[in-house]
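K.L.:
Take a look at the letters that make up each chain.
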Amino acid sequence: MFGYPLVNVLGACLIITSMMVVLARTGRAAACLYSLQSLVLVGVLASLGAVTGSGELYTWSATAFATKVVLVPAILLFTLKKIGGEVPVDLPPKLNPMKSVALVAVEVFVCFVAVSGIDLPTAAAVKPTLAVSLAHFFIGLTCIVIQRSIFKQIFGYCLMENGSHVTLALLAPQAPELVEIGVATDAIFAVVILAVLVARMARYARTLNADDLCELKG
Amino acid sequence: MDYSMLLLALLGCPLIAALAMAVLPSKGTPSAVYEALHLLSLAGVAVAGLALVVAVCSGADVYAAGEWFHLDGLSALFLGLIAVIAPCTGVYSLPYVAHDVEEGRLGSGQVKQYYAFFSLFVFSMILAVTSNNIIMMWVSVEATTLSTVFLVGVYRTKLALEAAWKYVIVCTAGVAFGLFGTLLVYANAADVMADAHQAVFWTAILPVAPLMDHSLMMIAFVFAAIGFGTKAGLFPMHTWLPDAHSEAPSPVSALLSGVLLKCAILIILRFYILASANVGDGFPQTVMMILGVLSVGYAAFEVYRQRDLKRKLAYSSCENVGLIAVCFGIGGPLGIIAGLVHCIAHGLTKALMFCLAGNVMMKYHTRDLERIRGIVAVAPVTGVLFVAGCLALAGFPPFAMFLSEMLMVLAGVAAAAWWALVLVLVALVVVIMALVRLITGSALGGAPDNVPRGDVPALALVPEIVLVALVVLLGVAMPGPLAGSIEDAGAIVMAYEGEYSANGSLLDDALAALAADGMTEEVFE
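Which chain is which? The protein sequence lines are A and B, in order. Each residue of the first sequence is one higher than the one before, counting from 1248 in this note's numbering. Each residue of the second sequence is one higher than the one before, counting from 79 in this note's numbering.
What the hints contain is simulated information worked out from the structure, not anything from laboratory work. No experiment lies behind these values; they were computed from the predicted model shown. All residues carry an ideal CB built from backbone N, CA and C; glycine is no exception. Among the hints, erroneous ones may be present.
[Claimed, not checked] Per the computed footprint, the stretches of chain A lying under chain B, defined by three or more beta-carbons under 8 Å from a beta-carbon of chain B, are:
1. 1404-1413
2. 1446-1455
[What the hints assert, rightly or not] Here are the simulated distance ranges between beta carbons:
3. A:Ala1313 <-> B:Gly185: 31 to 37 Å
4. B:Trp146 <-> A:Ala1349: 43 to 49 Å
5. B:Val507 <-> A:Val1360: 42 to 48 Å
6. A:Glu1333 <-> B:Gly532: 40 to 46 Å
7. B:Thr364 <-> A:Val1360: 18 to 24 Å
[Unchecked claim] Cut-off 27 Å, straight-line C-alpha distance, at most; resulting in silico cross-link-like pairs (BS3-like, lysine-lysine):
8. A:Lys1328 <-> B:Lys236
9. B:Lys105 <-> A:Lys1329
10. A:Lys1341 <-> A:Lys1329
11. A:Lys1328 <-> A:Lys1341
12. A:Lys1341 <-> A:Lys1464
13. B:Lys236 <-> B:Lys105
14. A:Lys1329 <-> B:Lys236
15. B:Lys236 <-> A:Lys1464
16. A:Lys1341 <-> B:Lys236
For reference, chain A alone in the conformation it holds in the complex (with noise of 0.2 Å):
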């Protein structure tokens, strides 16, 4: 159960955490999923880190710790708290649980079908992590597709940048750590901006429901 086997297991850890985060009742609970999917995340890195031999694997895992498993799950807690009971946040997803989990199952299942055919030497032992992360990026579109909360959709990107943080660790190990830092930066930013458009859309929109912000189609 080390070595590769064990990324490949986290990989599909990693699936099931982000299932959870999708199904999640409430703003908070999913915050707290997405901290739990954080650190799957976490283990992925190191594990990644151990079978390669690539130091810069463990520095990202670190800051993958500070970031995402501490850092953005503070943030949109903090986010919560400052909506308090002005609006509902909470708001019932547009697709039923069943049928998301049936969508997300045939997503997993097409991103496995089309990394089969990819013939890479970096990635050849760790094909069905590198299907996951891939899918993972399909789980967040479906995540802010499917949410009627705003607040919610907001974990659908996060998704999709946990997808691409676990490729650029299965593609591209070696490199330079400005680049990863580059990467969770943008990452960490996105998410302080999009928290504080929602902060605003509930003081002066006095709505979360993205089928109220509908006004400009056309």
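Since chain A is already given, all that's left is putting chain B on it; use the hints.
P.N.:
Coordinates of chain B only, in the frame set by chain A:
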């Protein structure tokens, strides 16, 4: 002159200005302080930017911070666009923001926010065009979104916030696909390069591009086209564009449409070059052609349908980005040159039109075209410029877009891309109808009684006159150095085919080839 230092200074000017404005207290700091910092930073961008463009046109190849930043003929063209349009829209911002403050639409905190994020936006665009590190390219494109979201939502109305939300969520999600494409290119390059650390640099990847895995490169290009195409406003990922452009303050819309969309096009071009070097030009050209034709076809009818001035202009941007994609889809020396000329021509013209839309809003307090009549009678200078801008946007001579659209048609004829050409020309006729209707319906006719006569402040008109002059100049007599620069940029895109001529005159060769095929006679008969 040390051009590396100049490039770093160029990046530093707007960044330092943004940081300086951010630390100033919003209460108690007069808006003149922000305006001074804003103008200083833009003066720095104009001087350093144009000096670097001239240096590159004279043959310099500028690197800075090792290989992290690189200015070649291609990026110099886009840097030139930033160095001209950012100062013009920046100067235009002064009377526009002052007007919004007078009207009570902006408070002191929002004024600070406006100027600080404007500088940050300019910085992120310079970063995007000068980055040689492909992952930094992605970071900078993402940074352009993050720095502009509060500019789009600066009015804090429900509609402005809705537009800002759609903008940030669609673009961050879309550009995440761009990151995936970028990572695939990196991993692919790292596998064939002796030093994996070099695989992040575009200039290092290009020579080994033919050795990389073909299927992976095709997937990477599709991801990049979708990801950065979202930012460029290509159909069907364009949904953020009309909302963000229409709700943002007009100078920001001008900068978004005039420059930002072109920065995204540049990044797509970088991937286009890599993909062409790897799998040949057929695949990337097909992808660009499909996205381009769909964008032009869809947006042209939206341009006609819209009754909101800024949404009409926003859809026109979508249509013109589609035309640029069609040019690259046609390919060949003439197609590439047509695309590059259209980037410049449309950038200048659309910046002008959004500034003029700002003038109209200052006078009429609405964007609803049903209520905008007799601009020429109300504000004569604005009116004349508005008519000229509409004609320029419709592609009439003697304006720059006539030249680029003619080049596109010639390129299409040379490549025998008949189906695409017919579809695009039909769409262009629809756009011409829409813009002629805009002139007759809004610019001409009697002035409404409730709109006071008189033009907007001179400071608002000066940048617009400069932009009109440039659009005419490029249309009637393109300056030699600029034409040379476009040829250099075209040669970089064509390098993978080795088609650029030894005598360096890409355009002459393309036209000669066209004549040899007997196409020109056919076209002009």
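K.L.:
Going straight from one Cα to the other, do Lys1341 (chain A) and Lys236 (chain B) come out at no more than 27 Å?
P.N.:
holds (22 Å)
K.L.:
Holds or violated: the segment 1446-1455 of chain A covered by chain B, criterion of 3 or more residues with Cβ-Cβ distance under 8 Å?
P.N.:
holds (count 4)
K.L.:
Could you grab the alpha-carbon distance between Lys1328 (chain A) and Lys1341 (chain A) and see if it respects the 27 Å cut-off?
P.N.:
holds (25 Å)
K.L.:
Range first: 42 to 48 Å. Now tell me if the beta carbons of Val507 (chain B) and Val1360 (chain A) are that far apart.
P.N.:
44 Å Cβ-Cβ, so the 42 to 48 Å window holds.
K.L.:
Do three or more residues from the segment 1404-1413 of chain A put their C-beta atoms closer than 8 Å to C-beta atoms of chain B?
P.N.:
holds (count 5)
K.L.:
Need the status of pair Lys236 (chain B), Lys105 (chain B): alpha-carbon distance at most 27 Å?
P.N.:
This hinted pair holds, its Cα atoms lying about 25 Å apart.
K.L.:
Is Lys1341 (chain A) within 27 Å of Lys1464 (chain A), Cα to Cα?
P.N.:
holds (19 Å)
K.L.:
A range of 18 to 24 Å was offered for this pair. Does it hold for the Cβ distance of Thr364 (chain B) and Val1360 (chain A)?
P.N.:
Roughly 23 Å apart at Cβ, these two residues keep to the hinted range, so it holds.
K.L.:
Can you confirm whether the C-alpha distance between Lys105 (chain B) and Lys1329 (chain A) stays at or below 27 Å?
P.N.:
Distance ~23 Å between Lys105 (chain B) and Lys1329 (chain A) Cα, so the pair holds.
K.L.:
Verify the proposed pairing of Lys1329 (chain A) with Lys236 (chain B), using a straight-line Cα cut of 27 Å.
P.N.:
holds (19 Å)
K.L.:
Starting from Lys1341 (chain A), check that the Cα of Lys1329 (chain A) is at most 27 Å away, please.
P.N.:
holds (25 Å)
K.L.:
Given the hint of 40 to 46 Å, check if Glu1333 (chain A) and Gly532 (chain B) actually sit that far apart at their C-beta atoms.
P.N.:
Since Glu1333 (chain A) and Gly532 (chain B) have Cβ atoms about 44 Å apart, the given range 40 to 46 Å holds.
In summary, the structure agrees with every hint in the numbered list given earlier.
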